[in-house]
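Visitor: Chain by chain, the residues:
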Amino acid sequence: DTGVSQDPRHKITKRGQNVTFRCDPISEHNRLYWYRQTLGQGPEFLTYFQNEAQLEKSRLLSDRFSAERPKGSFSTLEIQRTEQGDSAMYLCASNPTGNTDEQYFGPGTRLTVT
Amino acid sequence: RKEVEQDPGPFNVPEGATVAFNCTYSNSASQSFFWYRQDCRKEPKLLMSVYSSGNEDGRFTAQLNRASQYISLLIRDSKLSDSATYLCVVNILSGSARQLTFGSGTQLTVLP
Numbered sequence: 007d008t009g010v011s012q013d014p015r016h017k018i019t020k021r022g023q024n025v026t027f028r029c030d031p032i033s034e035h036n037r038l039y040w041y042r043q044t045l046g047q048g049p050e051f052l053t054y055f056q057n058e059a060q061l062e063k064s065r066l067l068s069d070r071f072s073a074e075r076p077k078g079s080f081s082t083l084e085i086q087r088t089e090q091g092d093s094a095m096y097l098c099a100s101n102p103t104g105n106t107d108e109q110y111f112g113p114g115t116r117l118t119v120t
Numbered sequence: 085r086k087e088v089e090q091d092p093g094p095f096n097v098p099e100g101a102t103v104a105f106n107c108t109y110s111n112s113a114s115q116s117f118f119w120y121r122q123d124c125r126k127e128p129k130l131l132m133s134v135y136s137s138g139n140e141d142g143r144f145t146a147q148l149n150r151a152s153q154y155i156s157l158l159i160r161d162s163k164l165s166d167s168a169t170y171l172c173v174v175n176i177l178s179g180s181a182r183q184l185t186f187g188s189g190t191q192l193t194v195l196p
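Protein sequences appear in the order of chains A and L.
Numbering-wise (the working numbering), the first sequence opens with residue 7 and increments by one.
Numbering-wise (the working numbering), the second sequence opens with residue 85 and increments by one.
Everything labelled a hint here was simulated from the structure, so no lab data went into it.
Just so you know, nobody snuck in bad clues.
Label-pair restraints from in silico Cβ distances:
hint : chain 1 : residue 1 : chain 2 : residue 2 : range
1    : L       : P196      : A       : G46       : 21 to 27 angstroms
2    : L       : K129      : A       : N36       : 19 to 25 angstroms
3    : L       : Q153      : A       : G46       : 22 to 28 angstroms
4    : L       : Q115      : A       : R70       : 27 to 33 angstroms
5    : L       : Y135      : A       : R28       : 34 to 40 angstroms
6    : L       : N96       : A       : T44       : 20 to 26 angstroms
Looking from chain L toward chain A, a few residues come up when the C-beta cut is under 8 angstroms (computed):
hint : residue
7    : S116
8    : S133
9    : G187
Ideal Cβ positions, reconstructed from N, Cα and C, are used throughout, including at glycine.
Build out the structure end to end from the sequences listed, making use of the hints.
Guide: In structure tokens form, the structure reads like this:
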């Protein structure tokens, strides 16, 4: 499968714990995006990387959230001191540099904070 | 006001029916427009891009009216497999990010 992959697919954690998610974009896609989706809503933009540089962060990304893409390939999203309001689907998407805006999504990581 | 607004739905239609979804967007600087399809508990998948001249892909027709900031999707001869949530999406250049902004989606159920 050469699509975007995410790990884990599901995560249940207790409030206050830290969690980390991983995204592997489509090979050679320079751009990588993280989104969050809650029930009944469309995905909301969180952050964007071009290669290893994090170029944009949404206001939704509080100080408890951090994302990295150290080698310009896979990316991690960490949430510290999780809260029940963090429960959502976290989606990763990628696309190549160039004049294309179409983004290809991974299957997502569903986070439940109890 | 949301940046992308869609028909609230849900739409329940019989097989073979024609159904239309509408969407409006608020940012006139929006550059690209899409319809994504999302099945229950799955990721969004690109259905089609939307061009100013209108475009068609089989049973699906998308139209864009930049002056009215309005996007539509028409599905003809609907199939059971068309049941999904349809997301209207615009791309806005925000800083250096070409981020997608999604509507809340319209749920379609095609009934046998």
